[in-house]
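Asker: Sequence:
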Amino acid sequence: MKKLIAIALALICVLSMAGCNTQEVADSIHEDFSFSLTWGVYGISSYDSQTGKLVKTTDATNPEDYVTYYKLTKEDKEAIYNLLTSLDVNSYPDIYDPQNGPSAPDATLILTVRMNGETKTIKAEHISLRFVSEDEKGQLFLDTCDAISDMLESTEEWKALPDYENIYE
Numbered sequence: 001m002k003k004l005i006a007i008a009l010a011l012i013c014v015l016s017m018a019g020c021n022t023q024e025v026a027d028s029i030h031e032d033f034s035f036s037l038t039w040g041v042y043g044i045s046s047y048d049s050q051t052g053k054l055v056k057t058t059d060a061t062n063p064e065d066y067v068t069y070y071k072l073t074k075e076d077k078e079a080i081y082n083l084l085t086s087l088d089v090n091s092y093p094d095i096y097d098p099q100n101g102p103s104a105p106d107a108t109l110i111l112t113v114r115m116n117g118e119t120k121t122i123k124a125e126h127i128s129l130r131f132v133s134e135d136e137k138g139q140l141f142l143d144t145c146d147a148i149s150d151m152l153e154s155t156e157e158w159k160a161l162p163d164y165e166n167i168y169e
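Mind the numbering: the sequence shown is residues 1 to 169 in our numbering, read in order.
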């Protein structure tokens, strides 16, 4: 289901860009645009596009073994930019509950968007791993974070990292 949602969001981005010149889209991305995302069970995975630091897990005997660096491709940066501008991050509170109920273990999502000289962070902590919200705005937030994490987890850099030491169910 998560992959289907990620594919649907990516398709929406592609279709929305189909009507305009790729150069126009690239030019519309603010020079100071960057983002970071923390996700997963207890928020053990993260990425920061400013530094390129990609962390598979902080929950390991040697967490440094699960760190790599990844520079976004132009296409991924454009897709993520479109997802985040569609999300309208400034319309969300700093501490956000997407109303998706509890789960054990729980998930954490922390999304930071930097653009136009401003920084906006949305923290959704102790939320359900189900990624299904009771409302449209909550679902959009969950789907956007899920699509970005899916993109990052599909990179060769991520795949080259060791398997998780601790598996949560």
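Mixed in with the good hints, there may be bad ones.
Here are the in silico distance ranges between beta carbons for each label pair [said to hold, decoys possible]: (1) Asp-65 - Asn-116: 23 to 29 Å; (2) Ala-104 - Asp-32: 38 to 44 Å; (3) Lys-53 - His-30: 18 to 24 Å; (4) Glu-31 - Ala-160: 29 to 35 Å; (5) Glu-134 - Thr-73: 32 to 38 Å; (6) Pro-63 - Glu-156: 16 to 22 Å.
In silico lysine-lysine, PhoX-like type, Cα no more than 25 Å apart, as pairs [to be verified]: (7) Lys-137 - Lys-123; (8) Lys-137 - Lys-159; (9) Lys-77 - Lys-53; (10) Lys-120 - Lys-71; (11) Lys-74 - Lys-159; (12) Lys-159 - Lys-120; (13) Lys-74 - Lys-53; (14) Lys-123 - Lys-77.
Hint data in this document are derived by calculation from the structure and do not stem from the laboratory.
Source: prediction; values computed, not measured.
Glycine is no exception: its CB is placed at the ideal position from the N, C-alpha and C atoms.
Asker: None of the hints should be skipped; say for each whether it holds.
Answerer: Verification of the supplied hints:
no.	hint	result
1	Asp-65 - Asn-116: 23 to 29 Å	37 Å, violated
2	Ala-104 - Asp-32: 38 to 44 Å	39 Å, holds
3	Lys-53 - His-30: 18 to 24 Å	21 Å, holds
4	Glu-31 - Ala-160: 29 to 35 Å	30 Å, holds
5	Glu-134 - Thr-73: 32 to 38 Å	35 Å, holds
6	Pro-63 - Glu-156: 16 to 22 Å	21 Å, holds
7	Lys-137 - Lys-123	15 Å, holds
8	Lys-137 - Lys-159	31 Å, violated
9	Lys-77 - Lys-53	15 Å, holds
10	Lys-120 - Lys-71	22 Å, holds
11	Lys-74 - Lys-159	20 Å, holds
12	Lys-159 - Lys-120	29 Å, violated
13	Lys-74 - Lys-53	17 Å, holds
14	Lys-123 - Lys-77	22 Å, holds
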